[in-house]
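Asks: Here is how the chains run, residue by residue.
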Amino acid sequence: MSAVLLRELAGALAAGGVRVIDISQTLSSRFPQIVLPPEFDQCAPFRMEVISHYDERGPGWYWNNLTFGEHTGTHFDAPVHWVTGRDLPNNTTDTIRPASFVGPACVIDCVAEAARDADFLLTAEHLRVWEEQHSRIPRGAWVLMRTDWSKRTDPVAYRNFDETGQHTPGPDISAVRFLVQERDVLGFGTETIGTDAGQAAHFRPPYPCHSVMHGAGRYGLQCLANLDLLPATGAVLIAAPLKILRGSGSPARVLALAAGMEK
Amino acid sequence: MKCLSHRLEWREVKGGGELIADTVLHHSNELYYRQRVPLRLGTVRLEAGPTLLVHVHDDCAPAPSRVRVRAHLDRSGHAVLMALPHEDTPNMADDLLLREMTSDPKFRNVLITDGKSAASQALTRAMLEAGADIIWLGVAEPWKQAPGVDALAELSQVSIVPLDVTDAKSVEELAGTIGGKVDILINTAELHRTKGIADQGTETARAEMDVNYLGLLRLAQAFGPAMRARAAEGAVPATAWVNLLSIHALAAWPSHGTFSASKAAAFALSQNLRAEMRHAGIRVINVFPGPIDDEWNQLVPPPRLAPAALAKAVITALRNGIEDVYPGDVAQDIHARWRESAKALERELWDQ
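If you're matching them up, the sequences are chains A and B in order.
The first sequence begins at 132 in our numbering and counts up by one.
The second sequence begins at 30 in our numbering and counts up by one.
Careful: at least some of the hints might be erroneous.
So these bits of chain B aren't anywhere near chain A, every CB distance computed over 10 Å [claimed, not checked]:
hint : residue
1    : 41
2    : 93
3    : 108
4    : 178
5    : 206
DMTMM-like, lysine to aspartate or glutamate: derived pairs with alpha carbons at most 20 Å apart [stated by the list, open to error]:
hint : chain 1 : residue 1 : chain 2 : residue 2
6    : B       : 173       : A       : 285
7    : B       : 145       : A       : 293
8    : B       : 341       : B       : 158
Hints were generated in silico from the structure; no laboratory data involved.
Here a beta-carbon is modelled for each residue, glycine too, at the ideal position from N, C-alpha and C.
The shape of chain A in the complex, shown without the other chains:
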């Protein structure tokens, strides 16, 4: 059965019946990285320095040295990232079961709400309404919050800082508890620079998504793009971090498989 399935999948990929959609941002120094208050140590931004470019530094080849923090660009958060997940088994990028890197995706459309209110919070109630319209969120699914935030190509608008801090949408504690405790999801993904809302430092508890998801051994994806190209249900995500020893996360090329011909 499985062999047939894979053969059919390969055929569908070749014929275009299954699309491969890149839902990652391009890694570059222009894409903003997370900024903590200045008294904390910072995530190194993505930087690229040329080793050689077919020149006296290496006449026949072009390559670069990269520096960046684990949580740069489109990236995967492992449970060990948060203090609540520090003592769980298989909580790092090198020890997570590979099967966890592939799973179905439910895309929650919050575009209108986020356009109206940059501080929009997704609640358990929104998720129940979504389930009525679509289907029950399956066990082991990625739940992706689509806000079209990735379409903000100006870094200032993307970060959306004012004097009270950052203003970006995210889930509230009820949504996170519902997904973990009642739906047993694989993880939560966003288009913004964190899985939590911009103001989540002031929530009770602070950073509910990081705190509860990672505390329960679940994962996070952030800085996703192109979620508007995914169906609400039925897509399959491939989201694997680099296999870093004791890594807390890593930039990732996140791909989605979805039914239908390439547009």
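Chain A is fixed; fit chain B onto it per the hints.
Replies: Just chain B now, kept in the frame of chain A:
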């Protein structure tokens, strides 16, 4: 002197004296002077005694007349003496030879690399007052709030440009846009955290090195060649490169250990930069302030250096052709102690 003893001591004297003869040089066999003839030269008898051969400012009355002699570094970095009129004359600074030996900001295009810092904003205002033509203010990470930048951006001579000295591509792109027009580059980009070396980790130290040391290197590679090439261009050539260092580049400050180490690295690099820029005639000016009155020095006891005082010291250095500047009481004090005994100063700074 008169007894022919060689036991001479350095002593500062006033430059007052009398121009006893002057002439105009129309020809020289030396390449350096060929470019500069006609050149007014003269002999001055100083009130302090000796008689000197000097450059003569065009506004000096013909000999015999009263003059002031001042020491300068010429374009090639050599010490020369110049006679100025006894009293200031209008537009005295516009004299061609004097302008060549100094780096007056008047009519100059200036790049200030970090527009967000208080020092840079004070420098911008001081440069405008000093008659600078265009000021480019570099701004990194525009998504972070930067008080004061918006107000400066409204001034017609000020242009905000994207510049992140930790990003080679950003530095190269800006050099590609304005590199051929910058007459004075002022590198104020600085990362300052208060870490001793016993604190955990190397990330802060690395970030400080990336801005304070490698940032200067990236700027030197991207902007240095074009500035050197333009050092002899027309009436307003490229003229100076200013580095904002720290007095603790000379002597470490243990409670700001990683910061002072990064500034020491930048100081060493700036000396190499000076050696390379000297051949073209670009002056490298190093500024060694004590703690500046900004948010990262809140816990440092006063006196702290006001950004406006720092800016004034930079303008004075540019106008007078000074290479090393120690603005403010703390810098003056530490510099004096360092000259007296670097070893004693090291021990005195142990508990600071």
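Asks: Next step is simple, just say for each hint if it's right about the structure.
Replies: Hint-by-hint comparison with the structure:
1. The beta carbon of residue 41 of chain B is kept farther than 10 Å from every beta carbon of chain A, the shortest such distance being approximately 45 Å.
2. The claim that residue 93 of chain B lies off the interface holds: its Cβ sits roughly 61 Å from the closest Cβ of chain A, which is beyond the 10 Å cut-off.
3. Chain A leaves residue 108 of chain B outside its interface by the beta-carbon criterion, the shortest separation being 38 Å against a cut-off of 10 Å.
4. Here residue 178 of chain B stays apart from chain A, with its beta-carbon at least about 12 Å from theirs, past the 10 Å limit.
5. Non-interface status of residue 206 of chain B relative to chain A is upheld: no Cβ of that chain comes within 10 Å, the nearest being about 16 Å off.
6. For the given pair, residue 173 of chain B sits about 13 Å from residue 285 of chain A by alpha-carbon distance, which is consistent with the 20 Å threshold.
7. A C-alpha spacing of about 16 Å is found between residue 145 of chain B and residue 293 of chain A, which places the hinted pair at or below 20 Å, so the restraint holds.
8. As the CA atoms of residue 341 of chain B and residue 158 of chain B are separated by approximately 11 Å, the hinted pair is consistent with the 20 Å bound.
Violated hints are absent here; each numbered hint is respected by the structure.
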